[in-house]
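K.L.:
So you can see what is in the structure, the chains are spelled out below.
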Amino acid sequence: MNFKLLIGDKGNVDFNRPVDMTKEEKDRFIQLIESFFDRDVIKVKNVEEFRDWRVGGDRVQYPRVWTGEEYEVLLKTHLLEVAIDKLGRSGMAILVQDGIWRPRFLSWCNKNGKNPFEEDTLKIIKEFMKEQEDLKKLKKQKIKQKRELLEKKESLEERIPKLERLEGVGDVTKEGILKLKQELEEIKKLLKD
Amino acid sequence: MKIYHKDGFVDFEAPFYMRDQQVEKFIKCIESIFGDRMVVERIIENKKEMGDIVRHPKKFSDEDLLILGNPELDNEEVSIKMDKSPFAIQMKRGNFLMRVQDWAIKKGKDRVTEEDIKEFLKEEGKL
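In the order they appear, the protein sequences are chains A and B. Note that the first sequence covers residues 1 to 193 in our numbering. Note that the second sequence covers residues 1 to 127 in our numbering.
Keep in mind the hints are simulated off the structure, nothing from the lab. A few of these clues could be false.
Just so you have them, the derived chain A footprint on chain B, three or more residues with Cβ under 8 Å [stated by the list, open to error]:
#, region
1, 4 to 17
2, 22 to 34
3, 37 to 46
4, 60 to 74
5, 102 to 110
6, 116 to 123
Only pairs whose alpha carbons sit at most 30 Å apart, straight line, appear in this in silico DSSO-like list of lysine-lysine [what the hints assert, rightly or not]:
#, chain 1, residue 1, chain 2, residue 2
7, B, K84, A, K136
8, A, K144, A, K126
9, B, K25, A, K76
10, A, K26, B, K2
11, A, K130, A, K45
12, A, K76, B, K6
13, A, K144, A, K188
14, A, K76, A, K43
15, A, K111, B, K25
16, B, K92, A, K123
17, B, K25, A, K4
18, A, K23, B, K2
19, B, K107, A, K43
20, B, K25, A, K45
Values in this document were obtained by computation on a predicted structure and should not be read as measured data. Don't be surprised by glycine CBs; every beta carbon is placed ideally from N, CA and C.
Given only the sequences and the hints, what does the whole structure look like? Please build it.
P.N.:
Given below as structure tokens:
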């Protein structure tokens, strides 16, 4: 079945749909891609489904997650044009990412006594990425915890005065209310910390 | 860059970018695999409307470049120090550090110090 190779006026290249290929065509196609870009940044992956959008549609940007291999190329490439050709990313995309990533990475290397230009660069980059990922997870976890504490605080602040008015009625006891007040104080302390 | 495949079909993870010269070479090569099955179509991509945004880019001074070269400062700190937008810092910084590093490697330097950046700027005729 025929297919289109779409060439955007901003330099983005795409197929108009997933392309049916024989084994031989697929092998030659992958070889071709590997010859145009840095071999290490190309990953071939079996997927459950393909994307349902194409270049030229409603999207303005086509973000792709940066991999350790791509960061290695970025770090070892000293000309923007060469980085563009090796990564298949626009100059703007590279500058934007590099401006955030490089200073953070180099600062981390300095703090941890690592020299990414002499040692195993990819290993150091992956170590850095793992640490960043862990920090991100921890931050998310803390935000979630804080949100839960805030919700509990608001609920207790609403419940306690109501219970105080009902003290002695049914199973509402002074001790029970005191316990909730203590819990509220603990939550406030945790939120302050 | 990921190439996805499933049941004999192949696709890209997302569109990729190529400079004009590369695109022409790429078309020739890919035509040699798929021949008449493939048609090249040039399209207009969706563009972000910049509207009436007026930009007033501020030049980076030599002192600014010295600060940019210090990886110990994060972009936010640098943007406050220089009174420039974080995006302007981001755009300038990666490329500047890339050039400084290239220079440092050629000089056989392990770590880039402030003195090295001064030397680099001097060699570039900036200081």
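K.L.:
Which of the numbered hints are not met once you compare them with the structure shown?
P.N.:
6, 12, 15, 19
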